[in-house]
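**Student:** Going down the list, the protein sequences come from chains G and R. If you use my numbering, the first sequence corresponds to residues 623 to 905, in order. If you use my numbering, the second sequence corresponds to residues 8 to 465, in order.
Please keep in mind that the hints were generated in silico from the structure rather than gathered at the bench. Keep in mind that the hints are not guaranteed to be accurate.
[Unchecked claim] Beta-carbon label-pair distances, calculated as ranges:
no. : chain 1 : residue 1 : chain 2 : residue 2 : range
1   : R       : 111       : G       : 817       : 56 to 62 Å
2   : G       : 651       : R       : 212       : 53 to 59 Å
3   : R       : 461       : G       : 674       : 21 to 27 Å
4   : G       : 661       : R       : 90        : 44 to 50 Å
5   : R       : 461       : G       : 726       : 51 to 57 Å
6   : R       : 390       : G       : 719       : 43 to 49 Å
7   : G       : 650       : R       : 390       : 38 to 44 Å
8   : G       : 654       : R       : 370       : 33 to 39 Å
9   : G       : 888       : R       : 266       : 28 to 34 Å
[Said to hold, decoys possible] Which chain R residues face chain G? A few, computed with CB under 7 Å, are given here:
no. : residue
10  : 224
11  : 266
12  : 270
13  : 409
14  : 417
15  : 424
Glycine residues also receive a C-beta, built at the ideal position from the N, C-alpha and C atoms.
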Amino acid sequence: MRRLGWAPYVLLLPSLGYLLLFFATPMVQAFALALQDPAGNVGLASIDRMVRDTNFRNAVFTTVALVVLVLPVQFVLAMAMALVVNARLKGSGLWLYVYALPLGVSELAAGIVWVSIFTQRGWLNTILEGLGVIDRPIIWQSSETFWLLIFTVVIAEAWRATSIIMIILVAGLQAIPPEYLEAADVYGATTWQKVRRVILPMLRPSLQVALILRTILAFQVFATVIALAGTGLRVLAGEAARWATDIDNDNVAAAYAGLILILSIASTVVFLILLPSREEQQL
Amino acid sequence: MAAQRYLRSRWLGLSVALVLVVAACGGGATPSPAGTSATPAGSTEPASPDASASVEIGSVVMLSNQLNPVEEAEKMRTEILANFGGQAEFIGAEPGPFNDQVRAQEEAGSGEISVVGGLHGDFSAFAAEGLLMDLTDLVPEVGDVNEEYLELGKLGTGEQYYIPWMQATYIMAARQEAMEHLPDGADINALTWEQVTEWGANILEATGERRLGFPAGEDGLWHRFFQGYAYPAFTGGVNTTFASSQAVEMWTWLTDTWQYVNPQSTTYGFMQEPLQSGEVWVAWDHTARLIDALRNQPDDIVAFPAPAGPEGRAFMPVVAGLAIPNSAPNVAGGRELIKYLLQPDTQATTLTQVSFFPVVTADLPGELEPGTQAEQEAVATMTESSDALPSLLPIGLADQGGAYNQVFRDAFQQIVLEGQAPAGVLESLKANLQEVFTTVEAACWPPDPVTDGVCQVQ
Numbered sequence: 623m624r625r626l627g628w629a630p631y632v633l634l635l636p637s638l639g640y641l642l643l644f645f646a647t648p649m650v651q652a653f654a655l656a657l658q659d660p661a662g663n664v665g666l667a668s669i670d671r672m673v674r675d676t677n678f679r680n681a682v683f684t685t686v687a688l689v690v691l692v693l694p695v696q697f698v699l700a701m702a703m704a705l706v707v708n709a710r711l712k713g714s715g716l717w718l719y720v721y722a723l724p725l726g727v728s729e730l731a732a733g734i735v736w737v738s739i740f741t742q743r744g745w746l747n748t749i750l751e752g753l754g755v756i757d758r759p760i761i762w763q764s765s766e767t768f769w770l771l772i773f774t775v776v777i778a779e780a781w782r783a784t785s786i787i788m789i790i791l792v793a794g795l796q797a798i799p800p801e802y803l804e805a806a807d808v809y810g811a812t813t814w815q816k817v818r819r820v821i822l823p824m825l826r827p828s829l830q831v832a833l834i835l836r837t838i839l840a841f842q843v844f845a846t847v848i849a850l851a852g853t854g855l856r857v858l859a860g861e862a863a864r865w866a867t868d869i870d871n872d873n874v875a876a877a878y879a880g881l882i883l884i885l886s887i888a889s890t891v892v893f894l895i896l897l898p899s900r901e902e903q904q905l
Numbered sequence: 008m009a010a011q012r013y014l015r016s017r018w019l020g021l022s023v024a025l026v027l028v029v030a031a032c033g034g035g036a037t038p039s040p041a042g043t044s045a046t047p048a049g050s051t052e053p054a055s056p057d058a059s060a061s062v063e064i065g066s067v068v069m070l071s072n073q074l075n076p077v078e079e080a081e082k083m084r085t086e087i088l089a090n091f092g093g094q095a096e097f098i099g100a101e102p103g104p105f106n107d108q109v110r111a112q113e114e115a116g117s118g119e120i121s122v123v124g125g126l127h128g129d130f131s132a133f134a135a136e137g138l139l140m141d142l143t144d145l146v147p148e149v150g151d152v153n154e155e156y157l158e159l160g161k162l163g164t165g166e167q168y169y170i171p172w173m174q175a176t177y178i179m180a181a182r183q184e185a186m187e188h189l190p191d192g193a194d195i196n197a198l199t200w201e202q203v204t205e206w207g208a209n210i211l212e213a214t215g216e217r218r219l220g221f222p223a224g225e226d227g228l229w230h231r232f233f234q235g236y237a238y239p240a241f242t243g244g245v246n247t248t249f250a251s252s253q254a255v256e257m258w259t260w261l262t263d264t265w266q267y268v269n270p271q272s273t274t275y276g277f278m279q280e281p282l283q284s285g286e287v288w289v290a291w292d293h294t295a296r297l298i299d300a301l302r303n304q305p306d307d308i309v310a311f312p313a314p315a316g317p318e319g320r321a322f323m324p325v326v327a328g329l330a331i332p333n334s335a336p337n338v339a340g341g342r343e344l345i346k347y348l349l350q351p352d353t354q355a356t357t358l359t360q361v362s363f364f365p366v367v368t369a370d371l372p373g374e375l376e377p378g379t380q381a382e383q384e385a386v387a388t389m390t391e392s393s394d395a396l397p398s399l400l401p402i403g404l405a406d407q408g409g410a411y412n413q414v415f416r417d418a419f420q421q422i423v424l425e426g427q428a429p430a431g432v433l434e435s436l437k438a439n440l441q442e443v444f445t446t447v448e449a450a451c452w453p454p455d456p457v458t459d460g461v462c463q464v465q
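Input sequences plus hints: build the corresponding full structure.
**Tutor:** Rendered as structure tokens:
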């Protein structure tokens, strides 16, 4: 093989420079901010302020609850959608476009659309009342019914972000050699058995990527919660934004951002341990 | 053949160039220094100063944290600034970026912003840092401005740091359907807060729905409710009575009332929408955030003054002002813009467009449309009532304004939403509030007694 010498490293330099300038440096600065107080003294004062805040516990709990609830829903949905698209039935090309539509919608715009559905005089209540299922409108967005409010956010998030997972899974599905599925057919496997014994194990690398990606994004859930729940639900990203803009305290905001980062890294590590990609699955 | 191809490509090039030129001239919704968007697209007249102006005004960039919501900013650009002699560029900003931009410009020593539009509290912070120009010589040129507000504009010094621009306040509005459920003997123009609770209870009993509404959402001005209405009305003060027994009474009243309040209130930022849709029948909010409801449904929705508490009919007059930073690139243009915005014509347009009331004492030309008329009457009744108790916006809080507001929001969250006992919550939040005052060394402001030294939270 021809020795490449220093050429690859030089070619990497621009990307490296970009990453250093726009990702690594702000990250280091953010950590530095989190470890200072507004007067500039180094210490844990800002982290302490974050933890002592009335909304901290709620923010952590709500964010984790959202992640835990949204992920399984999205994965089951995405799996089903991916199988539909991959089956290449007549018209499945159309389904890919339909499924991918929410990807083009901004988080806040999606949140606002779902507000028009869930608000007291919104679409959902109107339909339910019209069908006679309920007598009077249900207040979905009430701050007093925590789980109902979480439910609305889970639905909105499931609609908005499942496509990302679906696309990754579709790519993974297409990488499975058809011989495995044919062999399964020969041995008389049902569809469910095929999914469980052949497809899912072979999808492990894609599942790992999709899980990690979606979890990291889920920890950052922000605009949907603001649109649907207002001040009724606190999430970590929302608190970071509030401390930075409303309260004008960048240090505590940086502390929240650091917390999101730590949670994201921790969950990534967990997934890497739980879903190791084995040799024979890498084709 | 070659000639034909040459001609075709030439026409193509020309038409592309023409399209680009038309697109550039037509201008989009984004403000551009090329001219105020009042000039019709394709007009051949270049934007030039009025013949009457002897000064070449040029381009004036105005940064403001007032009229920042999209609709209000658009009205500012297309209606209010329409007749300005120079080229005004209005930039709305959220409080955080607003403060950053003004300070950054001063640090850099030069920038784009010639006029700053903000609230009293903003200017007291900027003036304390020496960022603003003295506008004393501009005062005679702006006409008859409310004397008290001009005095406020001096920020307690001898220099005129800002010129009052417009004012607003918070009132209430109700749908006609709610009127039959008013408590016996209640006068809509002289309600008490307890009567409001009774009103909500009557509505719940009659309809089974919770129809009171408050802007407790992210963008809502809910903290002003406590700072300008609830606290002064029940306790006579705000900071000096923060954890007093009367304050506990006020919180108990609010917790009691919340069972009649639409629980979706934590998502409301502007009460005009739920009022119009009927989700809420009785609402409290800023005049600029109720105007659409009053304008679109003038026969169904009425405006009325804020209710009174045991200590009086507390309300919060919000005075917005205009200042010129020391590093302004176009000082002469900035002065012209300030003069323009204080002309009676412009003040009238401001009132009809964005529902911020004038600060000039001259009579405004033209008639007011029903929605604005309704608000004007409610505001007048409120400010002129015998038990009126004006409570000012925070003064001197510099960059701690947000932290100050959060204390009240936290109190609401813990006491009303989470059901904790008021006394304990107020005691623990007292420390946060005192920290704000100690950090900026701010004195108390009316209705708290104004004394020397740092305000002591009690």
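**Student:** Indicate, hint by hint, whether the structure satisfies it.
**Tutor:** Here is what the structure says about each hint:
no., hint, in the structure
1, 111/R <-> 817/G: 56 to 62 Å, "holds, 57 Å"
2, 651/G <-> 212/R: 53 to 59 Å, "holds, 58 Å"
3, 461/R <-> 674/G: 21 to 27 Å, "holds, 23 Å"
4, 661/G <-> 90/R: 44 to 50 Å, "holds, 48 Å"
5, 461/R <-> 726/G: 51 to 57 Å, "holds, 53 Å"
6, 390/R <-> 719/G: 43 to 49 Å, "violated, 58 Å"
7, 650/G <-> 390/R: 38 to 44 Å, "violated, 53 Å"
8, 654/G <-> 370/R: 33 to 39 Å, "violated, 58 Å"
9, 888/G <-> 266/R: 28 to 34 Å, "violated, 41 Å"
10, 224, "holds, 4 Å"
11, 266, "violated, 10 Å"
12, 270, "holds, 3 Å"
13, 409, "holds, 4 Å"
14, 417, "holds, 5 Å"
15, 424, "holds, 6 Å"
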